[in-house]
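J.: Sequence:
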Amino acid sequence: MISFLWELVKLLARGIQWCWNYFFNKSLEDSEEVVAGLQEEEVLVFNNALEFNKKTIDWYSNSIRFNRPWAIAIRRAMLEFFCYGVLLPLLVNMEEVKVMLPGVVQENAIALGYISFVLAGFFKLWDNLNNFSSSWFRFTQTKMALEQLRDQYLNDINKYALAPKGNSDLSFIQLTEKFYKDSHALIIEETNVWIKEYQQQLSKLEGIVAEKTV
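Here the sequence shown is numbered in this note's numbering, starting from 1 and rising by one per residue.
Derived by calculation from the structure, the hints in this document are not laboratory data.
These numbers come from a predicted model, not from an experiment.
Treat each hint with caution, since some may be false.
[To be verified] Below, in silico cross-link-like pairs of lysine-lysine (DSSO-like), each with a Cα-Cα straight-line distance of 27 Å or less:
hint: 1; residue 1: 54; residue 2: 181
hint: 2; residue 1: 54; residue 2: 159
hint: 3; residue 1: 196; residue 2: 181
hint: 4; residue 1: 196; residue 2: 55
Given only the sequences and the hints, what does the whole structure look like? Please build it.
T.: So this is what it looks like as structure tokens:
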């Protein structure tokens, strides 16, 4: 639960950064000034860099669209069954509420409470094994970070294109290399986290199977 809240806080922080970047540091992708100030060979490299960024962001966007509904549905089911498990044994001890419950619920409230807890645990395990929630957060964070890198790259290239030749702090090649390097670093970091989570959940599953088969 704590890790879930922490991921939510990090996602919120990324969202605030993205909003700031969108409203106060807007993308210059459509600015003709950028391309107009570049050499012909630089324009080709510039467009390839933006195409690489777009394809990468599109991949993360599609992955977010797949994982998000699963994560929300599973979390909702987990929370509902957990609440049932807590409330059912309490409600049957309240006479004014007990009479409104079906007879089968009154007679089996404790058993139904335990079953609800088991189902809540099942949905939690299912989410952990498939990484729906964690993938949704990771992909969203990485997508936002890639968008920020793109906007920073566009701003840097714009400054380079508008600066007098030879007066720019970094060359076009250095700016583009930095953009690719930072982009790949984000992708590798996210992939390493996915591998670590997958191995951890697989080890937990193997441990559960080993306990049940002993």
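J.: Which numbered conditions among the earlier hints are violated in the structure presented, ordered from lowest to highest?
T.: Result: no hint breaks.
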